[in-house]
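Q: One-letter residues, chain by chain:
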Amino acid sequence: MGILRLSHVEVRVPDLELATAYYCEVLGLIETAREPERVFLKCWDEHEHHSLILRYAPTYGLDHLGFKLQDADDLDRYERSVEKYGLAVTRMARGEVAPGHGEAIRFTSPTGHLVELVHGMEKVGNLLPLTNPPPRPQGLVGIAPPRLDHVFVTAEDVDEGTRFFREALGFRLTEQVLADDGARLAAWLEVSHTPHDIALITGPNGGLHHFAFWLDDWNEVRAAADTLAYHGVPIDVAPTRHGATRGFTCYFFDPAGNRNEVFTGGYWVDPDQEPVTWTEAEMGRAIFYYEGVVNQRFLTVHT
Amino acid sequence: MGILRLSHVDVRVPDLDLATAYYTEVMGLLEVERTDSAVYLKCWDEVDHHSLKLVYAPRVGLERISFKVEHDDDLAELESRIEAYGFPVRRASRGEEVGQGESIRFDTPSGQEMELVREVDKVGGVLPRLNPPPMPMGLPGIAPPRMDHVLVTAEEVGEATKFYREVLGFRLTEQLLDGNGHQIGVWMERSHSPHDLAVVSGPNGGLHHFAFWLDDWDHVRRAADILAYNGVQIDVGPTRHGITRGNTIYFFDPLGTRNEVFTGGYRPDPDFPTITWTEDNIGKAIFYYEGDLNERFMKVHT
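Same order as they appear, the protein sequences are chains A and B. Under my numbering, the first sequence has 208 at position 208, and the numbering climbs by one with no breaks. Under my numbering, the second sequence has 250 at position 250, and the numbering climbs by one with no breaks.
Please keep in mind that the hints were generated in silico from the structure rather than gathered at the bench. It cannot be assumed that every hint is accurate.
[To be verified] Some chain A residues flagged as far from chain B (calculated, every beta-carbon gap over 10 angstroms): (1) Leu16; (2) Glu37; (3) Ala88; (4) Leu127; (5) Gly139; (6) Asp180; (7) Gly257.
[Said to hold, decoys possible] Rough simulated footprint, nothing fancy, chain A against chain B, three-plus residues with beta-carbon under 8 angstroms: (8) 215-229; (9) 259-270.
Glycine included, each C-beta is placed from N, C-alpha and C at the ideal position.
Excised from the complex, chain B in its bound form (with noise of 0.2 angstroms):
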């Protein structure tokens, strides 16, 4: 009941043919369908129609984040209590957004465009569901199984995290707090992970990164000789984070969108007590190994 996951994250690119080419032969993923301006992509273990959509756009940037709902009721009450917060709420058809139904669009406190969907499209996953292989042969790149969680920037994450929280029913799992007790960073999930959304100090509408789930940190550092093996720029890692103590490598794709991918955390059930981190311990908070914090991590962002 209520939102279950994330669902897909659609970035605005200026040359989808150079994103694409990095989507599927350095990350991985698979092309599922193609239009003049968009791209769609899905990671080998979904099962649904796509967990990225890149956009045609002449500046990078967020287009849009969509969470997937649990049942077809969820939407109706979701969409009542967002406008009687106060936000606008407003329909897309099923047709109006290639391989899923209805869905309801709005505009976070935090700026971004939200989405929520329950009906996607099945695609199917790459193996049988007959006597299955645990896995695929002969995928190319980092090949993650699955989209993880999405980080975005608000210039009030108080604000925001009280919105996400008490109208969107996502809980708290870690909070870090400067000096005066006000948060600048949360990391809030619905699916019993350590985040499937995170918001930290920035500007309304940014997009810090989005995450690949990989199933261990052999595969983490698999995924780090790739990167370079492809000259693509590694902002941070591999490395450990305090905070949802997950196991990762931050790096920018071709057009400067930022991308992770994550491992590990741990399973909070949902009255899991909210872990809290002191601006103090900021360093080891983000990279516990390094316990500082570079520039670029701090201001780079969409």
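So that you can see chain A by itself, here it is in the shape it has in the complex (with noise of 0.2 angstroms):
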């Protein structure tokens, strides 16, 4: 019942084949589905049919984030709570968004993100028998992650953020940074029992920050580290570790411009867990533990 986890995300790309080229090479993702103008892809342990679409248009950043619910009476309850809560809902048929797309709802959420809700998607398996299978695929490409982890995005208002994902759609908050007059400027929220699905950093509406990939232990991170440089992809942040979350990353670049990050670590999380703080003068190693600052790049690249 309800939301279970991160689902998939839509970005834009100016040029399909390089960014198709790029997630598939480099990334390691497979390619389930094409149209002329939009490429499905899904990372290797999934079952579902699509966990990234890459969207052509003439500049990047994010088109829409979708969360899994668990059961198909979940879409209307959150009908009702998210329209309870003042905004509009539009609903979509199964197939409707995308082909092995199951039913949805759609709203923008006050941070002015299109979110969607979905229930459904066509399972096409992941790459393992179901009878005896090794415990990974051999000839994967590419950093290869099994799946899709989080996704962070910017807001104006990040209280407003937080209270909507909280009172509307159930969220719980693991962590956040807080301002010495009280203001929130970071939340780190979650349905799946981690440290999140997804969190909100302040910004502008409507902002990517970056969506990251589930890696099985820090030395995945460190290979990844390798794959990425001698590709040439521009890293953003070599692999060190988060205060918030605890988690191991590597975060950079798409060739449209789009920050990725690679993902491994953290703690379970029990839903009446008490959150963490972390106060603004320590938002350096809230972020970055080893090195204790942000980088600008950072702090003020987003799409």
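Make one complex out of these two single chains by using the hints.
A: Here it is, written out as structure tokens:
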């Protein structure tokens, strides 16, 4: 019952061929469908039709982000809770959004993002058999993350955005950065018992800071950095650790300029867990624990 | 809603001081509370009162497995479902067990005593909630952040599985079938991990092992260093499971109860398609690198 996890993100790219080549050959995702202006991709261990949609557009940035619903009647329930919050909701029939897509509702969050909740996306299976499977497939190319993990977006009013995701959608706050005057500068929110499924940081409404793929451990993060450097991908922040989430990370940019992350680590979250608070003075360590400072590009560049 | 995760494992030990020394100094758990006949321990990142209870008894064995439920009304709902299935349920009031509120207790078809609890005293993690470092310094031993899962034995795995799925709402992630298609091992979850509870063929009421979570394979390797340094008997590993894809070491506490350290796996959604292993692949299913089970792993339980 309810929102399970991040389902997919759709991002704009001005060069569909270049972006597809990058996401397939460097990131190591798998193309599952293609239209003239859209390409659908998934990670190797994901069972559903797509977790990343690339859309041709003259500029870069986020088209929408989607969360997976556990049950069909969750669609009605969230339609009511989002409308009660005062937002308009659009209903999308099965397959209307995309090939293989489920039934969905869509609305624009107070943070200016087009958010979708989807149920019943087509199952295409992971790359392993369901009888006597090896623990991972052989011959994967590139970084080959097993799955999409979370999305990080910008909002003018992080506090209002946090309130919406908690009250209307049932997300739980795991961590936050508070300014000296008490204003909430950043918030990490989850429904999947992980440190975050979505996070908000102060910036323009509707902005995408990054979306992140899960890796199994720190050694995979290091190997990912090797792969990125080999291919000449611009690395924003080399492998390091977050204070907030405790995760291990590497940030980099796709050829269109959308920021990607590979992420591992973190902790299990009970629903009644008390949030962790970071003060403004410690924001450097909250974001990059080893460096203790945040580079200017990380704070100012988003799409 | 329903069962959230494993809460605590209660095991009997004939030497409380020896067991406590091992679990605090080699495993690196924290002693939270002690009575004349029991010691309560937790892992460093757990905020609940305890995840392991050592109970003094003349013989080793499993006293009880406790799972945490999410909502207040889950206890009453699960109580009526368990009773409807034909198993008597006993209420344990606050104060009957150290560190927790009211719970329900019952015997499962696989012969273990199980407890479901909602309210657990929060003693807090080792880290502050304001500007915390990602891990504490100076922890002794292996220092796992948390308890992960438990594996028990049952004469009729299929019958036990039916109870755990239909009554308690566990979801079947993987199963091992014999040549006749009967379940001889099952892996079940509530926490979107490969398993919170697993059952393999063996005597009713038995404990095969309980497992602590480690963050990665490198932490598993370091755990093996610590175990070997302290002369702890390693049963298997470090190696990898086919089932769960986890990375693992099995070893024995000084009284003979099997422990595991575990990491890896995957994230199953509730609609995850069950993975099936056939008996002719049992070696790889359990130990993917060796492809073979040692006799001790099959026979020894408590």
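Q: It remains to establish, for every hint, whether it holds in the given structure.
A: Do the hints match the structure? See the list:
no.: 1; hint: Leu16; result: holds (29 angstroms)
no.: 2; hint: Glu37; result: holds (29 angstroms)
no.: 3; hint: Ala88; result: holds (29 angstroms)
no.: 4; hint: Leu127; result: holds (12 angstroms)
no.: 5; hint: Gly139; result: holds (18 angstroms)
no.: 6; hint: Asp180; result: holds (13 angstroms)
no.: 7; hint: Gly257; result: holds (29 angstroms)
no.: 8; hint: 215-229; result: holds (count 4)
no.: 9; hint: 259-270; result: holds (count 6)
Taken one by one, the earlier hints all hold for this structure without exception.
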